[in-house]
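Based on the provided sequences and hints, a complete structural model is requested.
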Amino acid sequence: MNPHEATVRRSVVRVSAADDGELSVDDRFWGTGFFIAPGWAVTCAHVVGNGGRGVLDGTAAIEVTDGDDRVHEGRVAFVLPRPDDPERLPDRWPLPDLALVEVADAHGAECLWMSDRSAVVPADVAVYGWSRETGELGWRYGTGTAAGGDGSGRAMLLRGEIPVEGCSGGPVVDTGRGAVIGVSKGRGQSHGLAVPITALRRIANDRPGRDRLHAVVRAHDRYHLRHYRAVGTGRSWTGIQKGLRPAAEGFTPVLRTQLFARLAELTQPRTPGEVMALVDQAKSRVVQEPYQPGVEHDPRTWREGVGLLYDLRDGAEGRAGRTGWPGAGSGPGRDLELEAVLLYAAWVAAAVSRFGDPADAGPLRELAGWVTGKADQVQDVIRKEVQRILHGRRDPGPDRPEPPVGVVLVKDRPGPVEPAEETDLQARADVLVEVDALMYGDRYPWRVKLLGQDDRITPLHDDAQGARRAELREALREPIAEALRQGDVGEHLAALQLVLPRELFDEPVADWRLVPPGTDDDGLDPHTMPLGQRRVVVVRDRRRRDRPHFPEWQRRWNGCTAGPMTAVPLRAEVPVPGHGARRPESRHAAYARLSDVDPGAVPVFCGPVSHGPGAMALDAALAAGHAVVIWRGCAGEHLDCAEFHDEVSRLVCEAATAEGLHRRLRNLRIRCADPEQPDEEARWARSIALLLDRPEHPAPPGPPLSAPGMRPEGGA
Numbered sequence: 001m002n003p004h005e006a007t008v009r010r011s012v013v014r015v016s017a018a019d020d021g022e023l024s025v026d027d028r029f030w031g032t033g034f035f036i037a038p039g040w041a042v043t044c045a046h047v048v049g050n051g052g053r054g055v056l057d058g059t060a061a062i063e064v065t066d067g068d069d070r071v072h073e074g075r076v077a078f079v080l081p082r083p084d085d086p087e088r089l090p091d092r093w094p095l096p097d098l099a100l101v102e103v104a105d106a107h108g109a110e111c112l113w114m115s116d117r118s119a120v121v122p123a124d125v126a127v128y129g130w131s132r133e134t135g136e137l138g139w140r141y142g143t144g145t146a147a148g149g150d151g152s153g154r155a156m157l158l159r160g161e162i163p164v165e166g167c168s169g170g171p172v173v174d175t176g177r178g179a180v181i182g183v184s185k186g187r188g189q190s191h192g193l194a195v196p197i198t199a200l201r202r203i204a205n206d207r208p209g210r211d212r213l214h215a216v217v218r219a220h221d222r223y224h225l226r227h228y229r230a231v232g233t234g235r236s237w238t239g240i241q242k243g244l245r246p247a248a249e250g251f252t253p254v255l256r257t258q259l260f261a262r263l264a265e266l267t268q269p270r271t272p273g274e275v276m277a278l279v280d281q282a283k284s285r286v287v288q289e290p291y292q293p294g295v296e297h298d299p300r301t302w303r304e305g306v307g308l309l310y311d312l313r314d315g316a317e318g319r320a321g322r323t324g325w326p327g328a329g330s331g332p333g334r335d336l337e338l339e340a341v342l343l344y345a346a347w348v349a350a351a352v353s354r355f356g357d358p359a360d361a362g363p364l365r366e367l368a369g370w371v372t373g374k375a376d377q378v379q380d381v382i383r384k385e386v387q388r389i390l391h392g393r394r395d396p397g398p399d400r401p402e403p404p405v406g407v408v409l410v411k412d413r414p415g416p417v418e419p420a421e422e423t424d425l426q427a428r429a430d431v432l433v434e435v436d437a438l439m440y441g442d443r444y445p446w447r448v449k450l451l452g453q454d455d456r457i458t459p460l461h462d463d464a465q466g467a468r469r470a471e472l473r474e475a476l477r478e479p480i481a482e483a484l485r486q487g488d489v490g491e492h493l494a495a496l497q498l499v500l501p502r503e504l505f506d507e508p509v510a511d512w513r514l515v516p517p518g519t520d521d522d523g524l525d526p527h528t529m530p531l532g533q534r535r536v537v538v539v540r541d542r543r544r545r546d547r548p549h550f551p552e553w554q555r556r557w558n559g560c561t562a563g564p565m566t567a568v569p570l571r572a573e574v575p576v577p578g579h580g581a582r583r584p585e586s587r588h589a590a591y592a593r594l595s596d597v598d599p600g601a602v603p604v605f606c607g608p609v610s611h612g613p614g615a616m617a618l619d620a621a622l623a624a625g626h627a628v629v630i631w632r633g634c635a636g637e638h639l640d641c642a643e644f645h646d647e648v649s650r651l652v653c654e655a656a657t658a659e660g661l662h663r664r665l666r667n668l669r670i671r672c673a674d675p676e677q678p679d680e681e682a683r684w685a686r687s688i689a690l691l692l693d694r695p696e697h698p699a700p701p702g703p704p705l706s707a708p709g710m711r712p713e714g715g716a
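With my numbering applied, the sequence shown covers 1 to 716.
In case anyone wonders, no lab produced these hints; they're calculated from the structure.
Backbone N, C-alpha and C define an ideal beta-carbon position, used for all residues, glycine too.
Worth double-checking, as some hints may not be accurate.
What the hints assert, rightly or not - Taking CB as the label site, the calculated pair distances span: (1) E22 <-> I457: 58 to 64 Å; (2) D84 <-> V25: 29 to 35 Å; (3) P86 <-> G243: 40 to 46 Å.
Right under this line is the structure:
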């Protein structure tokens, strides 16, 4: 018998149709599931999909039978992904093919340990479930290896003694680490398929789902600490993990269980970027060399950030002794994993304290006391930094004299978390969308990347086949949404930079929304409003970016970033000699004029620039090196061009620098966005667009744009 089997079996459930008095228990069986928290079970979406619309909507109950053959009523809370038409279910359910089921009366159920990070593969695994393969419903398990898969929901391949039909929805347990890393999905001719358990985080893509996921994870972590305290190492997952690392020091399974239960009590992060910013910070501090992550992760809870710090220990074992690796020559007492985790936990406490929720006060004191106590196990320099992060550089006051050097906090009476002021908070990364020019047919290949600090570029999504022009907005909607979630840190919002071929410059990218077509307009909901009304949205030139930058481009970029800026017409008309008519300015005349203006000059045009005379003049401006251009993307008739040029000229002068344009443009987009009562004084700014094209690849410098209403001291 597998050493984990008895413990797993108590948590695995059978998922069936509700008893209608006509079918037997075996005939009503649909598949397998397992408890991850008291009252909550996970299975596959295609398993509960057998019940049709009523089950998927949660209006119809299902039957959940636990390991002691007790029958409970369950209701589906979330399905990933939800079918477009519940009346016509897919033959093969798309990934991630997961369902979260509420089992309200099963609060005494035993629960499996849910992995806190994307699967570390290849890994030895055991797969469990129920099946009728032999004609009679019975318990099955098999062992094998898992390969592939990640937190995005892409499937893992399972090879070995993989269970058969009916085991869909059962747990895939990493037998070397003692954690559920996946959910069985199905079986091919020579392998099985599973979905990483971390794909559940997709539930958190909207606010109701985020709150539900956080509640489930909180219940999971509370349960495992309570269970470990009650039964010790005998039947708890903490005990199993401790047995797998009997001689382990540093960040042990017991410490992990204690920390996760404390993190669970805090207000959870709003975006993955908030977690990853602290993970990056901890890794960079401990590794002490430029940190370059190999894979971009998408964590939704503070506990997942801890999981992403394990690779410091895993990697150090293979690199110890190499020149330059911080573990080499520093002695066996140094544990990179524990140092990184303690720093990360302290930064989490500091971040949560800034949320200002009074409900966090008690949990923060508890977490701070725990972190401070464990910091005695690591280097003195790390211990002191933990103290600084948690309690800042406070004036001790007359009643609290400064303690002598070397005295640590009193452990039984930890003070409140009062973090040192952080002045360098910013978005973790901007989002870079690259769209290639047409090469074959009518499709535009595209890529979505994160553009981080230190010029770090991390690819996220791409489509080499591409999308037609009319399909680009929908094709890029979810990839952009995911990238922005990973770039945002609190009120510091990632900018969106779109590198486009010139024929796409008039696409209304600032008006794009990150919700599916047909979604009701929720007005000023920050999660559904057009992108340009909340964050920086700029266009960059695909053609010019593909070539080495030239001196004129650099000179004009420097001029606009240093300021002051002035507005000049992108297109000028000259009189025809002897006649009252006017003729268009030629390409060479435009190039000569735009080459002769000041370095801080900003070409302005009241009309589209993707075709016609505007496109010709824009070609001349870009050849002359202009890095900032403002135009109006609407192609319809309008009679306010003179007003547009006057207002933009005033706007450019007031902004003074390229960075100063962002907040003003966002304000204008908001003011003229109301379809019923637009601000009459801002109507001239409809369809206003901005090219902000730095010669090098990195994002434009300067402080990031915060959410509306959150402006830095002295900001415009």
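Do the hints match the structure? See the list:
Taking the beta carbon of each, E22 and I457 are about 60 Å apart, inside 58 to 64 Å as hinted. At about 33 Å, the CB distance of D84 to V25 agrees with the hint of 29 to 35 Å. With their beta carbons about 45 Å apart, P86 and G243 fall inside the hinted range of 40 to 46 Å.
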